[in-house]
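*Asks:* Here's the letter readout for the chains.
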Amino acid sequence: MTAEIGNFCLVLAFMLSIAQAAVVATGLRRPGLERYSEGLSLAAAVAIIGAFAMLVTAFVRSDFSVVNVYQHSHTDKPLLYKITGAWGSHEGSMLLWCLILLVYGAMITLRGGGLSAGLKHKALGVQGLLGAAFTGFTLFSSNPLWRLAEDPNRVWMLEAAPLQGLSLNPALQDPGLAFHPPMLYLGYVGFSVVFSFAVAALIEGRLDRAWARWIRPWVLVAWSFLTAGITVGAFWAYYELGWGGWWAWDPVENASFMPWLAATALLHSAIVMEKRDALKAWTVFLGLLAFTFSMLGAFLVRSGLLTSVHAFAVDPQRGILLLAILLVTAGAGFALFAVRAPDLKPGGLFAPVSRETALVLNNLLLSAALCSVFLGTLYPILMQAVFNKTMSVGEPYYLAVFAPIMIVALLLIPISTLMAWRRADLKGVLQRLGLTFGFAALAAAVGLVLYRGASWWSQAQYLIGLLAGFWLIFGSFKFLWDRTEGKLKRATGLPLSTWGMLLAHIGLGVFVLGAVVETHAKQGATQVMAVGDTLKTGRYNLTFDDTFAATASNYDAQGGVFSVRDDNKRVCEARPQWRYYGASGSSQSEVWLCFTPLSDLYIVMAQPQTLPDGRAAWHVRFFYNPWVRLIFLGPLLMALGGLVSLADRRLRLGVPTKAKPRPSEDTSAGKVET
Amino acid sequence: MVRGLEPRMNADKREYFGLLRRPRAVGSAMLAALRSMCVYSRSFVVPICLLLATTPALADPAQDEARAEALFREVRCIQCQSESIADSTAPIAADMRRLIREDIAAGKDDVRIREELRARYTDYVLFRPRFAASNLLLWVLPPLIVLLGAGLLFWLGKKQKTSRTYELSPEETEKLREIMKADD
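Chains as they are written, first to last, in the working numbering: chain A, 1 to 674; chain B, 675 to 858.
Bear in mind the hints are in silico, worked out from the structure with no lab data behind them.
Remember, it's a predicted structure, so these values are computed and weren't measured experimentally.
Watch out, some of these pointers could steer you wrong.
Keeping only pairs whose Cα atoms sit at most 30 Å apart, straight-line, the calculated DSSO-like set for lysine-lysine is [what the hints assert, rightly or not]: (1) Lys855(B) to Lys832(B); (2) Lys832(B) to Lys849(B); (3) Lys849(B) to Lys389(A); (4) Lys833(B) to Lys427(A); (5) Lys275(A) to Lys345(A); (6) Lys275(A) to Lys489(A); (7) Lys569(A) to Lys522(A); (8) Lys427(A) to Lys275(A); (9) Lys275(A) to Lys487(A); (10) Lys832(B) to Lys345(A); (11) Lys536(A) to Lys569(A); (12) Lys427(A) to Lys487(A); (13) Lys427(A) to Lys832(B); (14) Lys275(A) to Lys833(B); (15) Lys782(B) to Lys522(A); (16) Lys536(A) to Lys522(A); (17) Lys833(B) to Lys345(A); (18) Lys849(B) to Lys275(A).
Could you put together the complete structure from these sequences and hints?
*Replies:* Okay, here's the thing in structure tokens:
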């Protein structure tokens, strides 16, 4: 019954979403019904939670009469991977997407206490439309709850429910699957709320500082989750895929990075709108853009256009449907924007040297960076489609185009945070930062000792990167020092949003340091090794001491015992594995990391083979990844900064006011309790 | 080409660059800068590039290996999933790495190695797209956005400044005085 109940719930969620949009639509003509959208959004969320719970139940019970469970589960999998397997496929992850989308919709109702009724209901209407589109897509074309007999594709010519499933891709049988997709989707889909509010405000024809203030918590939530989700994904790729890297500029990685860049720009332009009542059209545009890029990402991953570790093998028909959803929703949003934007009253002018100008520059640079990632991702696809020519865009392109733009943006951050609103004294700011810059330059110069570059050019890149990282971190501390004058009492009095900003900027600096050092000073070696062989990377020696065997419910593993020595001093013992997953008949290497606080020694064994003399050997890769920890620590600090900022009372609009609602006072929309 | 230089170059090409080689770092830096300029915009600095192509690389095993490593990161393993041959463990990647090392040892420069790879495997093999007309948008649009945006900001700032210091003409001053008088 689980699948049937789940299907019923999914149909219910679909109908309720349509109703939610419909009542708001009737309300545009004759006000009255639209207030029911609030209750409908709650009901739709409950329904989709029911559908999702039923899918998880089917996975936990290994109900192989359900196609999706049959294709992606196995009785021998540990419970954790049975549960996470529920979103390990295209269909299941689509249902997760819908779950998060409708729950966000309910959150608009629950947390929208301070909003004007008109704006809130219109936003709920748009959210209902999005909900209907995505639940409809899931229900009719990508339903994870279909029984074998109901599957329209009927590829599984099975008379009865099979006794065993086909199991999950071994790369996905990892705790990473428990965190990466849910966090990423909490980010992606969180921008749907911003999208809905942008469209609602455009319909209402009123955009003010209150609107900027109202969307800011939503942007912060989604941005923080997206940051954390991308980071967890990067770390997962780092330790699971065994290639020793963490970011490949793979189109699907870019697909998650584009909404992040748009949202980062939005986060900063919303501040300008909130403080200075300027950049209205631009902020709304970014609000529409962030979710458009989220949908574009979903389309790219699921269309079958790309070959990537992430891409689901999906038939093109579903890709076309997703493209249709993307074009219709984004197209409608931007068309509305084009019609309404000229009516938006331009906000206050601002002085050439001021915080707001600095933030505009930030937005300009982020947009250009976004443009380079967008072009780099779509250019090969378009060239293939239009001219039938194959081409590649990879790391060297991004290092040549994206990196310089971002470096300029990074170098501007400490200066702009010290600038005052309205009119700043650039000379004064630069004077105040002189010593900080000196320290950053000194630290970067000292850091040069770590790395003897291959060429002057890579050395220069390394130096500039280090400088940017240290400059960001020291600049943030300088800001803190100036604001508190070194007194602890004043530090506790700083608003949480300021602390959030500091944490995020420091986190970015930490990330930059890690990325620069890891990219430039990384060392690695590869060799076919049998017991007794040694391999040298940098100053580390790896010796293959012994082999061992290990078994778990879902795999059998051969492992190697390696000792790592640094000038004959033993550093650690490594036990990487080569695992065979019998259920799916595929193998996967399990990386071993020798943790130190900052750097990793990274050992993988793969491709077992027999040497001519009969000894068993493996393809062993041994990397020294200096400062790699910072790469994952930095963005987590950034996400934490976002959440700290969110906790700021001044931003907590969602907290329902105890005061009676004042329906007549629309102008109170978004008033903030302090 | 300047006439006077020809005989000396033909006699000993290395001597011509001997000037640059002392101090060595400066020499290789300038050479590398010229080389990368040639890579990006071969068309309008053709003479220099031709000149460069004829000079033997400053042979140095460490330098050669560094060049090889840098090239590996730019070359796609054609049978793998978006991996460079630096990252890939596939046999074909190992073969391609060996070929590039041999090319470098044979004295070919990066531009020529890239061209030969492209001739054999099409544009697909290069992770750094060529700076060609069909890729113009890819290379030019992002920096163009920065330049145009910055220019626009500068222009707006300037306009604002000039409008602030806008002086009234005598007639306008007279009119203003009248209005102010009327206000009293």
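*Asks:* Look at each hint and say if it fits the structure.
*Replies:* Here is what the structure says about each hint:
no. : hint                   : result
1   : Lys855(B) to Lys832(B) : 34 Å, violated
2   : Lys832(B) to Lys849(B) : 28 Å, holds
3   : Lys849(B) to Lys389(A) : 69 Å, violated
4   : Lys833(B) to Lys427(A) : 22 Å, holds
5   : Lys275(A) to Lys345(A) : 16 Å, holds
6   : Lys275(A) to Lys489(A) : 26 Å, holds
7   : Lys569(A) to Lys522(A) : 21 Å, holds
8   : Lys427(A) to Lys275(A) : 24 Å, holds
9   : Lys275(A) to Lys487(A) : 27 Å, holds
10  : Lys832(B) to Lys345(A) : 22 Å, holds
11  : Lys536(A) to Lys569(A) : 14 Å, holds
12  : Lys427(A) to Lys487(A) : 26 Å, holds
13  : Lys427(A) to Lys832(B) : 18 Å, holds
14  : Lys275(A) to Lys833(B) : 23 Å, holds
15  : Lys782(B) to Lys522(A) : 27 Å, holds
16  : Lys536(A) to Lys522(A) : 13 Å, holds
17  : Lys833(B) to Lys345(A) : 20 Å, holds
18  : Lys849(B) to Lys275(A) : 37 Å, violated
Checked against the numbered hints given earlier, the structure breaks hints 1, 3 and 18 and satisfies all the rest.
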